[in-house]
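Student: Quick note, the sequences are listed as chains C and D, same order.
Residue numbers for the first sequence follow my numbering, so the first one is 1 and each next one is one higher.
Residue numbers for the second sequence follow my numbering, so the first one is 1001 and each next one is one higher.
Note that these hints are calculated values from the structure, not bench results.
A few of these clues could be false.
Straight-line C-alpha distance at most 25 Å; calculated DMTMM-like pairs for lysine to aspartate or glutamate [as the list claims (entries may be wrong)]:
#1 C:Lys19 with D:Asp1081
#2 D:Lys1239 with C:Asp130
#3 C:Lys19 with D:Glu1162
#4 C:Lys19 with D:Glu1088
#5 C:Lys19 with D:Asp1210
#6 C:Lys19 with D:Glu1702
#7 D:Lys1077 with C:Glu206
#8 D:Lys1215 with C:Glu206
One side only, chain C facing chain D, incomplete, derived with CB under 7 Å [to be verified]:
#9 Thr28
#10 Gln196
#11 Arg238
Label pairs and their in silico Cβ distance ranges [to be verified]:
#12 C:Tyr194 with D:His1244: 19 to 29 Å
#13 D:Glu1048 with C:Thr213: 42 to 52 Å
#14 C:Val243 with D:Glu1204: 47 to 57 Å
#15 D:Lys1021 with C:Ser129: 52 to 62 Å
#16 C:Asp137 with D:His1244: 44 to 54 Å
C-beta atoms are modelled at their ideal positions from N, C-alpha and C, and glycine is treated no differently.
Now for the letters of each chain:
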Amino acid sequence: MSRKAIIYDAIRTPRGKGKRGGSLNEVTPVRLLSSVLRKLEDRNQLDTSLVDDVIMGCVTPVGEEGGDIARTAALYADWHVDVPGMQLNRFCASGLEAVNTAAAKVASGFEELIVAGGVEVMSRVPMASDGGAWFLDPDVSIQTGFVPQGISADLLATLEGFSRQELDELALISQTRAADATQKGYFKSEIPIYDQNGLLILDHDEHMRIGTTLSDLASLKPSFEKAGSIGFDEVALRKYPMVSRIKHLHTAGNASGIVDGATAVLVGSEEIGERLGLKARARIVSMGLVATEPTIMLTGPGPASLKALKKAGMTVNDLDIIEINEAFAGVVLRFLRDLKINDLYRVNVNGGAMAMGHPLGATGAMLLGTALDELERRDKQTALISLCVGGGMGIATIIERI
Amino acid sequence: MNTIEYKYLEDGIVNLVLNNKSQAVNLIGFSFVEDFSLAVAQLLQEKELKGVIISSAKKVFLTGADLKIFTNKPSAKDLFDFSEKWKETLRKLETMGKPVVSLINGACLGGGFELALATHYRIALNAKKIKIGLPDIKIGLLPMGGGITRLSRLLGLQKAFEFISLGKELSPDAALASGFIQVLADRPEEILPKAIEWIKAHPEVSQAYDVKGYKIPGGNITTPRTAQFITAAPALLMKKTRGHYPAPAALLSVLAEGSVVDFDTALRIESRYFVKLGLSKEANNMIHTLWTQFNNLKKGNSRPNLPPSEPIKKIGVLGAGMMGHGIAYAAALSGYPVVLKDVSLELAQKGLQHVITLMDKRIERGQFSVEKKQEVVDRITPSDNSQDLQHCDLVIEAVFENRELKAKVTQEVEPFLSKKGFFASNTSTLPISGLATAFSPPEKFIGLHFFSPVDKMQLVEIIKGKMTSDETLARAFDFVLSINKIPIVVNDSRGFYTSRVFSTYVEEGLALLGEGQNPQCIESAGLAAGMPVGPLALTDEISLTLIEHINNQTDKDLSAEGKTRPSHPADEVVEKMIHGFNRKGKSTGAGFYDYPAGESKHLWSELPQLFPLKVAVLKQEEMIDRLMFIQAIETSRCLEEGVLSSVGDANIGSIFGWGFPSFKGGTLQFINDYGLPEFVKKSKDLESKFGKRFAVPKLLIEMAMGDRIFE
Chain C
1 MSRKAIIYDA
11 IRTPRGKGKR
21 GGSLNEVTPV
31 RLLSSVLRKL
41 EDRNQLDTSL
51 VDDVIMGCVT
61 PVGEEGGDIA
71 RTAALYADWH
81 VDVPGMQLNR
91 FCASGLEAVN
101 TAAAKVASGF
111 EELIVAGGVE
121 VMSRVPMASD
131 GGAWFLDPDV
141 SIQTGFVPQG
151 ISADLLATLE
161 GFSRQELDEL
171 ALISQTRAAD
181 ATQKGYFKSE
191 IPIYDQNGLL
201 ILDHDEHMRI
211 GTTLSDLASL
221 KPSFEKAGSI
231 GFDEVALRKY
241 PMVSRIKHLH
251 TAGNASGIVD
261 GATAVLVGSE
271 EIGERLGLKA
281 RARIVSMGLV
291 ATEPTIMLTG
301 PGPASLKALK
311 KAGMTVNDLD
321 IIEINEAFAG
331 VVLRFLRDLK
341 INDLYRVNVN
351 GGAMAMGHPL
361 GATGAMLLGT
371 ALDELERRDK
381 QTALISLCVG
391 GGMGIATIIE
401 RI
Chain D
1001 MNTIEYKYLE
1011 DGIVNLVLNN
1021 KSQAVNLIGF
1031 SFVEDFSLAV
1041 AQLLQEKELK
1051 GVIISSAKKV
1061 FLTGADLKIF
1071 TNKPSAKDLF
1081 DFSEKWKETL
1091 RKLETMGKPV
1101 VSLINGACLG
1111 GGFELALATH
1121 YRIALNAKKI
1131 KIGLPDIKIG
1141 LLPMGGGITR
1151 LSRLLGLQKA
1161 FEFISLGKEL
1171 SPDAALASGF
1181 IQVLADRPEE
1191 ILPKAIEWIK
1201 AHPEVSQAYD
1211 VKGYKIPGGN
1221 ITTPRTAQFI
1231 TAAPALLMKK
1241 TRGHYPAPAA
1251 LLSVLAEGSV
1261 VDFDTALRIE
1271 SRYFVKLGLS
1281 KEANNMIHTL
1291 WTQFNNLKKG
1301 NSRPNLPPSE
1311 PIKKIGVLGA
1321 GMMGHGIAYA
1331 AALSGYPVVL
1341 KDVSLELAQK
1351 GLQHVITLMD
1361 KRIERGQFSV
1371 EKKQEVVDRI
1381 TPSDNSQDLQ
1391 HCDLVIEAVF
1401 ENRELKAKVT
1411 QEVEPFLSKK
1421 GFFASNTSTL
1431 PISGLATAFS
1441 PPEKFIGLHF
1451 FSPVDKMQLV
1461 EIIKGKMTSD
1471 ETLARAFDFV
1481 LSINKIPIVV
1491 NDSRGFYTSR
1501 VFSTYVEEGL
1511 ALLGEGQNPQ
1521 CIESAGLAAG
1531 MPVGPLALTD
1541 EISLTLIEHI
1551 NNQTDKDLSA
1561 EGKTRPSHPA
1571 DEVVEKMIHG
1581 FNRKGKSTGA
1591 GFYDYPAGES
1601 KHLWSELPQL
1611 FPLKVAVLKQ
1621 EEMIDRLMFI
1631 QAIETSRCLE
1641 EGVLSSVGDA
1651 NIGSIFGWGF
1661 PSFKGGTLQF
1671 INDYGLPEFV
1681 KKSKDLESKF
1691 GKRFAVPKLL
1701 IEMAMGDRIF
1711 E
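Only chain D is shown next, with the shape it has when bound in the complex:
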C-alpha cells in the first residue's frame, strides 16, 4: 500500500498510519480509498484485534479529497462508486465492534474529518493552528464520506446544516467544545498513550446512532420543530445565495431526505447529491479557480523565479487614512513593526485609534484576544516625522490620489529607506511608471493596490512599473503572501486590471439606465447575475464624482498623447446626475438612491422620468449578458494587451477584488463556462446591438477557432 502503513502495536492494537509516499500531504483519491478498504478488510480478518488507531505520518492528518478526481472529468458512475466505496469502508470500520481512535496531529479537513467522525474516539493535539472541519462547500461540493449523515445524527438537522453550510474550520479546543473531539493532548507524545488507554478501557463500542432506538436530536422532518426548520431553510438560503450555489441546497435535501431512512440509505442519498454537485458547472468553476489556480498562485506562479527574498524588518506607511491604517493593521497583525506616518501626529494617532476600534469590535465578537490586540498596538508607531522611517525595508504610501502629492511624499522619505528597501504606492488609478520617476532607483518602486476595507478584503493587486525589477516584484509578492493576502501581478496600464474591469460593470449599468431601462430591473439583473451589489447602488458607493474625476484624468492623459477616449453611453448619465440633478452619490446623501435618515435606502423615484425609455424593454437575461460579458471581454483585452499575464490572476482578482461571482469561477472562467464559440457569437450579437465596447478581442476569436479554453 502506497498511502497507508499497517502496523501492529502492543496487545492486539493495529495502527493504520496515513502516509502517502508520493505526496507531501495525505489526500483521499482513488488509490487511497483502495488502500484503506484493503486495510479494513485485513482488520476484519484479525483474530486477536483489540482496537485500531488511525494516525498520520505527515504534518497534516488528512486534508480531504484529492480534487484531481474532479478535474479529470469523471463519469457519474465513477464518482458514485468512489463515494460509495469510501463510505462502505468507513461503515465497516465503525461497525466492526472494536474501538477505533483517530489521532489528529494536524489539519483534519473534509474527508479527513469524515474519517475521524467514523471512528469512535478522537484525540487532537492542542495546537491553535490545526484546523478541523468540512470546508467542501466553499468549492461548491459537499462532504462525500458520510459527513452529512453522521453530523445529522449527532447534532440534529439544523445544527448539522449550520456547521456544514458555513464550511466551518475549528481549532482543536473549539472542536472539543463542539463535541467533535473527545480529548486534547498538549504534547504530541501524549496522544498515542491516551489512545491506547482508551481502547483498553472500551473493548466493545458502537456509534450512538447504531444503537437500536437512537433518535436524531430534534427529530426527523416529521417532527414539528425540524419541520419548521426545513420549511424556512430554503427561503433563508435564497436570501443568502440567490439560488446561485447548488451545494447548500443539496445539503438541505440530503439532510431532509436522509432523515426518514436508515443510516446506510441516508449515506446513499448523500452520494447521489454529491455526484450531482461534483459534475456541476458551479463546482467545476470553483474548483478550477479557487483550488487549482489558487494553489498555483500561492506557489508563486506569477512571481519571478528568484530565491526567497530578504526578510522585511520594518515597514513605513504614509497616510493614516482608511487605506493607510488598514495596511498598517494588516502588516502589524502579521508581526511587522510599522511606522504609521501622517502630516500631524494627531492624524497618525487617529489612524491607530481606528485600528484599535477595529480590534475591539472583533474582541466583542469573540474573534480576537486582548493580548493579541496589545501586540498589534505595540507594533504600530504613529509619527509625523520622516526620520522615524529610518531603516524601513518597505514604505507604502497611501496618500490622496494626486500625482504631485505622491511625488512629494515619495521624495521626502526616500533617503530614510534601508539600503535594500523598496517603495510601494497604493494608488488604484495612477500609472505606476509615472509615479516611479519620483523615486530613485525606480527599479525599487512598485504598486501595491490594497482594497477597501483592508481588514476584510484579501486581494492585493501588485502593479509592475516599466522599470520595476524582478527582485522588487518578488519581494512585494512575498510580502503580500506573508500578511495573508492574495497577490495578483499586473503590468502598468490605465486602471490596471481590477479598476479597469470593475468599472465596465458599473458603466454598463449606467448605460442601461441611459437607455431608459427600469432602474429596479437593472439592479435586480446585477444581483441575478451573481454580482454582490447592483450597478447603480455600487456607483453611489464609489460616487459619481470619482467616475467623473477618473474620466477627466484619462481625457487629459490621452490628449497629451494626441488620443481621445471613446465615448461611453454612461458619460451622459454621469454628467446629468452630477451637473443636472446635483446627485453625486451616497457620501453626499443623494445619488441613484435616496438615503433618508433612519430608513433603508431606496431608488430615487424620479429616475424613470429623467431617463425615459428610448429603446425596447430588455429581458433580464439580456441585461445579465451585458453586465457580465462586458467584464469578461474587458478582461480578455487585459490579457491580450499584456496587462495580465496569468489566467488565474484574472479569475482570482475578479472574485476577490470586486466580487465577481465565484460560482462562475471568475471573469475568464466565465468564458470557458459559456463556451468559447458561443461566447464569441453572443458578443458579436451584443456588439451589433449595443456598440463597439462589445467588440470581440482577436484572442477570443483565435481561441474559439483553435478549440482552446482559458487554462
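Bound conformation, chain C alone:
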C-alpha cells in the first residue's frame, strides 16, 4: 500500500424498530441517509466539493431505496452537485464493504476523500423485496441448495453442538451490555434524528429490551421451525449427511432484530486531512474477504478475520476490541471457536445486533464506528470488525487508532 487510509469520523443514527410503530418507520431512507450526511458535513465543517465519492451499502435497493440512493442522498442533503455516489450490495457486509472500498481507493492513491456507510429502512422496504435469482429462480435454488438464513443458523448450531441455553445466554449478555452502554452514554457517535420542523423523532436505539431475563428468552418459540419443516431442512441435510436432524434453536431473541438505520464514515488520505485540519482518528490496517459453502452460509467471519490478521501481520492477541455481528448467536459462538477466543471481555463489549438490531446495509459501517468509539474510550489501539454474509461470504476489517 502506497498510502494510509485514515478514518476521520464515523457517525450513525439510532436504530428504530423496523416495523409498524417503529420510530423511524415514518422517515424515508433517503431522508435518513441525508440527515447523516448533513450531520457529517456539519461536524467536520466539510467542504463537500472535495468529496470524491459517496459509497453506500444498501441490501434492498428497490423502491425508495432503489436507483443509487448514495447519489440521491448527497443531492438531497444539498451537497455539492459534483459529488458522485454509488450504492453497493454485498448483503450484510455492504456497510463494511463500502468502508473497505473507500479505503482501497484512498490507499491506492486514486482518491483523496470518500464518505462510506450504508442505509436500510427495513420497515419501509422489506427484506428480500428486491427478489434475486438465488431464491426466485428454481434452477439456481435447486442447484446451489438455497435455504433461508435462519435454517443455516440452526444447521450451524446443530453441527457445532450449541445448546439453546448457550445461545440465549449470549443474547442476554448482548442485551445487558447494550443497556449498560446506552445508560453510560458510550454511543457518543449516535446522532438524534429530527423532523423537518426540528422536532425530535428518535435519539436512542429502540429495539433493546431492557430488563430481559433468561427465562424471557427461553420462552420464545424457534423462528425457523416452519420453514424447516416444509423442506428446507431436507435441502440443508443433503449437503450435511453427518447431521440427522436440524435443531431449531434460533429465536427472535437470540438472532438480530429487524431495524431501520443509517451511517456514514469519513475516509481520506493523510494529506487531505492535514489540508482540511481534520482529526485523524484511526487507520484501516487490513481487510479480509472470503466465501464459504453457501448452504451453511454463516461460517465466513472466522476465515475472513484470519485472512485480515495475516495480512496485517497480527494475531488475535493483538486485538483490543472485536465486533462480530450478532446476526445469530450461533454465528458469534462459531466465530469465537474459529479464532480460539475463550471469553467475551473484548468481544461485542457494548452489545450487538441481538439487542440493537441489524439494519442490513448499514450494520458493517456502524460496527466500525462502535469499535472506534470504544477504542477511544478505553484508550486502546486495535479493533477487528467482522460480519457473516449471505451467500456464504465473510468480511473483516482491522483498524488501528492513530
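Could you slot chain D onto chain C? The hints should help.
Tutor: Leaving out everything else, chain D in the frame of chain C:
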C-alpha cells in the same frame, strides 16, 4: 364543554352537538380539540353505547380550523401536538367499533370534512348552498386532521391529490356522486331518523381501511401505475405553480411517504408536513391577506359605518362592449334586472349575445344550467333608448375612455335615474372628480372600476371622488358585494391604485429591456417572481399604444397644473417600438412578440439588436427585486398619499386586480415578508443604482425605525 354538547338520544345513542357558545360558527381551535377529546373519552366509557351521531346546532356543520392558531405565532411543537391530538381523537372515534354518523346540515369544510371522513356514515342535507370539501390549500395549508391519509386510502393517491390540490368544494349531490356522502336528506327533519335507522342496522362497523388486507386503490408507490403518477406529478406541479407554493408539493410527499406505512404512521407524516406549512412564510402571507384581511374587507372595513343601504331594484349599463356586457352579466347573474344600452339596438343585442355565448360555454362544461341561463337572459333588456333607464337605482357607464363622451352619456341619462339613484363610471384611468362634474348631484357619482374579463375577475376598485358622499360609497360597496365581487375602496387620483401600481411592473420590464437586458431573461424573471405573465408579454396584451395614450393624457393634465411628469426609462422603449419599429402590441399582430398564425407566440428575434446591452448583465434575483420592489414602493406611496386607506385593500387589490403573487400576500405584505428594515435598505440600494423611482417613501422609513409592520 363550551363547544360541544353531549346528549343522550334513544336506545344508547349519543349525540355530540357541535355548538360553540362563544362564536357564530363552529371552528376547530385548541378548546374545541380539548372538548372533542373529552367527549370521545366519555364515549369510550359508555357501557350501553349503540352508536354516535355528530351534528351541529349552527347553520354550518364545521368550517375548519380556527386560523387564529396560526396568527398567534405558535411553535412547531404547539402545532404538532395540536394536530396529533386531534387525529388521535378522531382515530379513537372511528376505531371504537360503534357506528358513528355525521349529520351535515351546513358548510362542512376543511377540518369539518375531516371529522366527517372519520365517521362511518355521512348524511347531508340536500341544499345546493352547502359546501363540502378541503379548501385548506388555498391559504397555503394542508388538511391537518387525517384528511389526506383517509382520502388516499379511499380514493388512491392520484385522485386524492387531485381533490385536495384543487381545494375543491362540492355541493351535497356532487359529494354524493363522489362517494363522500352516503345519503342525502331533502328536509332537515329527515336527517336524524335516517341516522338512527342506519345505526340500528349497523351495530358493528369499522372503516374499510382498518380491515386487514385492505389495499390502497391503485396501490402504493411501489405499484407501477402509482409510481408513474408520483414520477410525473412534481413536474406537472412545477408547470402550474413554478415552485412558489409549498403546499401542493407537501401534499405529494405526504401521499407518497404515507403510502408504504400503516395508517397511524401516515397520519404522523401528515402532521409533520402540516406543521412545516403552518410555519411557512407562504402560508403566513396567505392567511394574513386571504383570510384575516379578506374577512375584514367583507365585514365592511372600508365601508362607511352606515346602516344597510337601500336595495337596488334596477340597473342600467351604458355601452354594451366587453366591459359593459360583462357588468350586465355579473349584475343579472345576481338577480338584478339590467338595461343594457348602446347607441344602437343592434350593438346592445350584440352585447347580450356575448353574454349568451359566455353562458353556453359554461353549460358545455357542466358549470351552468339551461334554466339559469334563461333567467339571466330574461333579466337583461337590450336598448338604444335612454327612456328605458327610467327608475334605475344605479347606472354604470362603460363607454370609451374619453372625457367628452363620458360627460355626454352621463348627462343624457341623468334625468331618468330614480330619485335616490346613483351613477358610476367604469373608467380605469380618468379622474372621477372631474367626471363627476357632469352629474348632478356629484355626491351621487362614483367610480366602479371592473376588471377584464368581468366574468372571471373578482375585483372591483371603488373610486371615491372629491364630492362622493358616504351614502353613495356605502351603496356602491354593498352592490359590489351583492354581485359576489370583491370591493376595495380608493380615493381619486391618477390611475387610482391598481392601474397605477400595475403599470410600474410593466414599465420596469420595459426599462430592463431599454438597458439591453436579455428579453427572455426579463420575461423569466417576471414569472420567477411569481407574476402570472412576464412584463413584455403583458405590455403586448394591453398594447403599447395604451401606455403612450395614458402618458400623453398625464402630460396634458400635468402641464395644465404647471407640472411635468418625471421621465421614465420605459418612455424611450415605448417611443421606439411604436414610432421606430411600428410594433404596437398583440392586437396589431406585432409587439415585443411575434404572433404567427396557428403557432404560439415568440419573442421578436430582433429585440437584442435593437436594444443592445448598455450596462452589466443582471442576475435574475436583481431583476426580480426591481420588478417586485417597484410595485411595493408605489403601493406604499399610494398609502402615504391617501389614495389607499387600508392595508388589506392594497394587498387584496394587488392579488385579485393584476395577479400579484398570493404567496407573497400582496404588495404591502411583500414588505412585511421581506422585513421593513431590510426592505428600506434594499430600496436605497436600488435607488442608487436605478434611479429616483425606487426612492423610499418616508412612511416606510418611519415604520422601519418604529419596528412596525403593515397590519
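Student: None of the hints should be skipped; say for each whether it holds.
Tutor: Hints and how they fare:
no. : hint                                : result
1   : C:Lys19 with D:Asp1081              : 23 Å, holds
2   : D:Lys1239 with C:Asp130             : 34 Å, violated
3   : C:Lys19 with D:Glu1162              : 30 Å, violated
4   : C:Lys19 with D:Glu1088              : 20 Å, holds
5   : C:Lys19 with D:Asp1210              : 18 Å, holds
6   : C:Lys19 with D:Glu1702              : 58 Å, violated
7   : D:Lys1077 with C:Glu206             : 22 Å, holds
8   : D:Lys1215 with C:Glu206             : 29 Å, violated
9   : Thr28                               : 6 Å, holds
10  : Gln196                              : 5 Å, holds
11  : Arg238                              : 36 Å, violated
12  : C:Tyr194 with D:His1244: 19 to 29 Å : 26 Å, holds
13  : D:Glu1048 with C:Thr213: 42 to 52 Å : 43 Å, holds
14  : C:Val243 with D:Glu1204: 47 to 57 Å : 52 Å, holds
15  : D:Lys1021 with C:Ser129: 52 to 62 Å : 54 Å, holds
16  : C:Asp137 with D:His1244: 44 to 54 Å : 50 Å, holds
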